[in-house]
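Residue numbers (this note's numbering), protein chains in the order written: chain D, 1 to 118; chain C, 1 to 109.
Honestly, the hints are just simulated from the structure, not real lab data.
Being a predicted model, the structure only gives us computed values, none of them experimental.
Quick reminder that beta carbons are idealized off the backbone N, C-alpha and C, glycines included.
Misleading hints may appear alongside valid ones.
[Said to hold, decoys possible] Think about it this way: if two alpha-carbon atoms lie no more than 20 Å apart in a straight line, the pair counts; the simulated PhoX-like pairs of lysine-lysine are:
#, chain 1, residue 1, chain 2, residue 2
1, D, K76, D, K100
2, C, K56, D, K100
3, C, K105, D, K43
[As the list claims (entries may be wrong)] If the Cβ cut is set under 10 Å, some of the chain C residues that face chain D in the computed set are:
#, residue
4, T48
5, P61
6, S93
7, V99
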Amino acid sequence: EVQLVESGGGLAQPGGSLRLSCAASGFTFSDCNMNWVRQAPGKGLEWLSYISGSGDVISYADSVKGRVTISRDNAKNSLFLQMNGLRAEDTAVYYCARGKDSSWFFGWGRGTLVTVSS
Amino acid sequence: QAVVTQEPSLTVSPGGTVTLTCGSSTGAVTSGHYPYWFQQKPGQAPRTLIYDTDHKHSWTPARFSGSLLGGKGVLTLSAAQPEDEADYYCLLSYGGVVVFGGGTKLTVL
């Protein structure tokens, strides 16, 4: 069964850091481009970052560039998002999504909630 | 960064047809923006319905179709069903970065 399971969310202090993970199973992870997308409570979807299957192509949304780092470990079938300098507006559900063929968003995880508050 | 625009809300009658649009602040939406359409129901993760303008995934109901019209990306829902009530998001590609629209809340009533 194909699965994407996000983890690492929780309560974080303003200015703090979190590292989100996305565990992939049921498909050849290294063949898939991956994305992080977030959704603030009651708001729309916001794309954050993309990484190619090999990890050599990376892009970020302007809104998070310089504060987040996407990475992957193909040996461990895992995707990561390191978030620094957290702000209240980073409070959101964070989703990982995998690409397949020419679709960047073939499948989605269920998300992990990040709350930034003192 | 470009801004992607969608209707905030639309209503369709059961069995009716509705068109959702996706515009770009940079000009006309073309196939080079690789328009995507997503459906999201309350408490659920998004689901991708359409990619690359008009390509469907295996799970995409046949009543959904994607196209370009009048300089915008378009999602057409024909013969709407009660279970189609949801938020719909479009996404456009701008050369390596992608941007979501603000979403359309579709009511089937």
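Hint check results:
1. Only pairs whose Cα atoms come within 20 Å are accepted, and K76 (chain D) paired with K100 (chain D) is accepted, the gap being roughly 19 Å.
2. Only pairs whose Cα atoms come within 20 Å are accepted, and K56 (chain C) paired with K100 (chain D) is accepted, the gap being roughly 13 Å.
3. Between the alpha carbons of K105 (chain C) and K43 (chain D) the distance comes to roughly 11 Å, so the proposed pair stays at or under 20 Å and holds.
4. Below 10 Å, beta-carbon pairs count as interface contacts, and T48 (chain C) has one with chain D at about 5 Å; its hint therefore holds.
5. Nearest Cβ of chain D to the Cβ of P61 (chain C): about 17 Å, over the 10 Å cut. The hint is violated.
6. Because the closest C-beta pair between S93 (chain C) and chain D is about 8 Å apart, less than 10 Å, the hint holds.
7. With 10 Å as the threshold, the beta carbon of V99 (chain C) comes within range of chain D, its nearest partner Cβ sitting at about 7 Å, so the hint holds.
Comparing the model with each earlier hint shows a violation of hint 5 alone; every other hint is respected.
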